[in-house]
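Residue numbers (our numbering), protein chains in the order written: chain A, 0 to 405; chain B, 230 to 619.
Do not rely on the hints blindly, as some may be mistaken.
[As the list claims (entries may be wrong)] Looking from chain B toward chain A, a few residues come up when the C-beta cut is under 7 Å (computed):
1. Asp293
2. Asp306
3. Leu309
4. Leu316
5. Arg317
6. Gly319
7. Arg339
8. Val340
9. Leu341
For the record, the hints were derived by calculation from the structure and aren't laboratory data. Backbone N, C-alpha and C define an ideal beta-carbon position, used for all residues, glycine too.
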Amino acid sequence: MSPSEPGTAYVLKMYPRFSETFIVSEILAREAAGDRIEIFSLLPPNDPRFHSELARVQAPVTYIDRPLKTSDLWECFHAAGAAGLTGALGRNFAELSAAAPDDAVRAINLAVALQHRNIRHMHVHFASGATSVARLASAITGIPYSFTAHAVDIFHDSVNSEDLRIKLEQAHHAVTISHFNLRYLRRRFPAATARLHLVRNGLDLDRFPYRDPRPLGTAVRIAAVGRLVEKKGFQHLLPAAAELLDAGFRLDLRIAGTGVLAEELEATIERLGLGDHVRLIGAQTQDQVHELLDASDIFIAPCVVAADGNADGMPTVLLEAMAAGVPCISTAVTGIPEVVRNGSTGILAQPANPHFLARAIQKMSSPGTDRVAMTRNARALIEQDFDVRRQAELLRSLALAERRVA
Amino acid sequence: MHVAYICADPGVPVFGTKGSSVHVQEIVRAWRVAGANVTVYCSRLGTDRPDDLDDLDVVEVQPDSVPGPAREQALEDAALALVDQVLRQGCGLVYERYSLFSPALSVLARVLDIPSVLEVNAPLIEEQQKYRELLDVRKAETVLRRNAGTADVVACVSEPVVRWVHARVPRARTLLAPNGVNTERITARRHGRKNPDHLTVAFVGTLKPWHGVPDLLQAVALANSTAPGPSRRWAVRIIGDGPGRMELEQLAGSLRVETEFIGAVRPADVPALLHECDAAAAPYPAEEEGRDDYFSPLKVYEYMAAAMPIIASSVGQIPSILEDRRTGILVPPSEPAALAAALTRVAGDPALREDLGSRAREEAEKRFSWNGVLSRITAALPVPRQAAWP
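This is chain A alone, in the form it adopts within the complex:
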């Protein structure tokens, strides 16, 4: 790809990040569609594990550092001057000085890095910090920005309403990943959401071939995947498993992922005497997750709204399980009911209720439930609404569209 082709900058808080596979899928799909992409990451990766798809990304990565000493800070200003940005910095001084110091300096460094790179547009994932930096860099360079609002970046208690409103207002456009989010943001910011669109996270469907679920064996194999944090709801899954085991239901539950609740969950497993049937198997690569799904009879995503307002938007692994033909159970949290339709594409349960989770598992395992019909419906829905190639086209066309006056 020739650098003379105007490109799109992806501004990311940390790249690569193990849990954000949807961003890698999106970049790959855009590259496949002919977009020239460059990645600008505000932090170096902190996790040595990589998914194999990363190797296919062509986009160069530039890390935007921040100075630790005053003299280094002055180096930033010199670099900005050398890049011809002195006037632009001056015009935006008030905005920069009002911003968080790290964001402001990163914005200057990003602006410098973007000069002479033939970048036409910036796209950012998550409306939080990375979008703050891109917004300021956009003010300095005049390069328009857009962002994808997911969930933590709009629902968490710490989200500053006024800050989010300004980001929406100044963006060339914004996208979000579910009807639920779209409605929520429109209600909260009626005047700033005229250029907000629904673009779902995409899946590379070729990587998730479908097969019908296999007949159940003596023990029902259940998989759950996600970071071990409150919003994933695994703390409700353990008592559900205990209830089922007490009732004589045979199951083998594996929970993949790491996180702050690891110890607490281990302790619960021990306390409830679940050790023979429930295992925390730690973080898994994409391939290992594939294998886990392939060997499971049920996938469960027992998401909840956390005490701080944080909630999952649309767990990627849930979509992957639905694509691959694993019968899925999830909960009515934010956008999830838009994909898990009770009785049709899976079973939807009320959040934060172990007893209902147990009944959902029982129901999904009962001979009267047409698991094959459910997984085929689920696959059809994923193909229709979550094909990454289609999402990449949407993102591309939104960036090309003339900016409408709000």
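Based on the hints, put chain B in the right spot on chain A.
Then chain B, alone, in the frame of chain A:
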């Protein structure tokens, strides 16, 4: 069973005094009588909560008040916010009172895979275009198509409404479910005449041209002109208010018909006001060419429950409600002379008055209670599927 009752029309306050508000409350009561646990999800709560619904769970999401097309979008958004609430709380059945911009039923029934009922009371799309303003006609049509196409039962208040739904959504599973009456709230009047020196005929309703009140006044004047004595003469009591009131007052004066204008009252006060009368009238005028009378005459059911002798025009749904000379007296519409003859007959026959009244009451209990209306609707539902949550 947990029922989510959705009323996303801000023009229909759940706890209001309008006929539509009463309708919502009565269906909710009927669900509770049937043993359901009901949560109402609405766009406007209202302020007149009846005592017996004190413990009813109600979730209100008010639409943003914005002008023009944004208003219609805001109505849809508010309905979808109600959907989010239902999804959080779960339910075993969704019952939605049709409103122009709420896609709630089609979303919930699909996502939760639960039985659903859409209640349609009027051809709102045309009504809105004619009397108010409808900007996004296509959206309104899409909403109706999706909701009526999804619902297991589309309960229509009259035959014209059934035809209207079918014309737009041919595959809709419609059911004719006319209005009903709460025979416990509206009790029977006591036997015997109320005044030795005259009789009183009551009218309940809004004073608008399509209720035919002028015909009633004309008929009373005619009947009184041939009455053998004062005790067989009629006075009129009008319970209700509306744009036609001034003209009616003038007309009553010029005809020298003694008429009492009570004005608008709370639904709870209607029975006692009816009980002080000797008969009740529903003098609907003749249908115009091209106009379909799609309403289901709530007042007629109320007269029946109050055990009134009823004189009503033979139009629209009325012949299917009242049987002539058994539970009421039917007269040709827009013919004051025929109405006068009926009044004269009723005035001269105390036994007829009592018979008509008590048979009407019996019929209301047997055929027209809200509990009966609801049980016809639920009988048409498919075999209960799993409730969400499992």
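Q: Compare the structure with the hints numbered earlier in the document and write down the numbers of the violated ones, lowest to highest.
A: none
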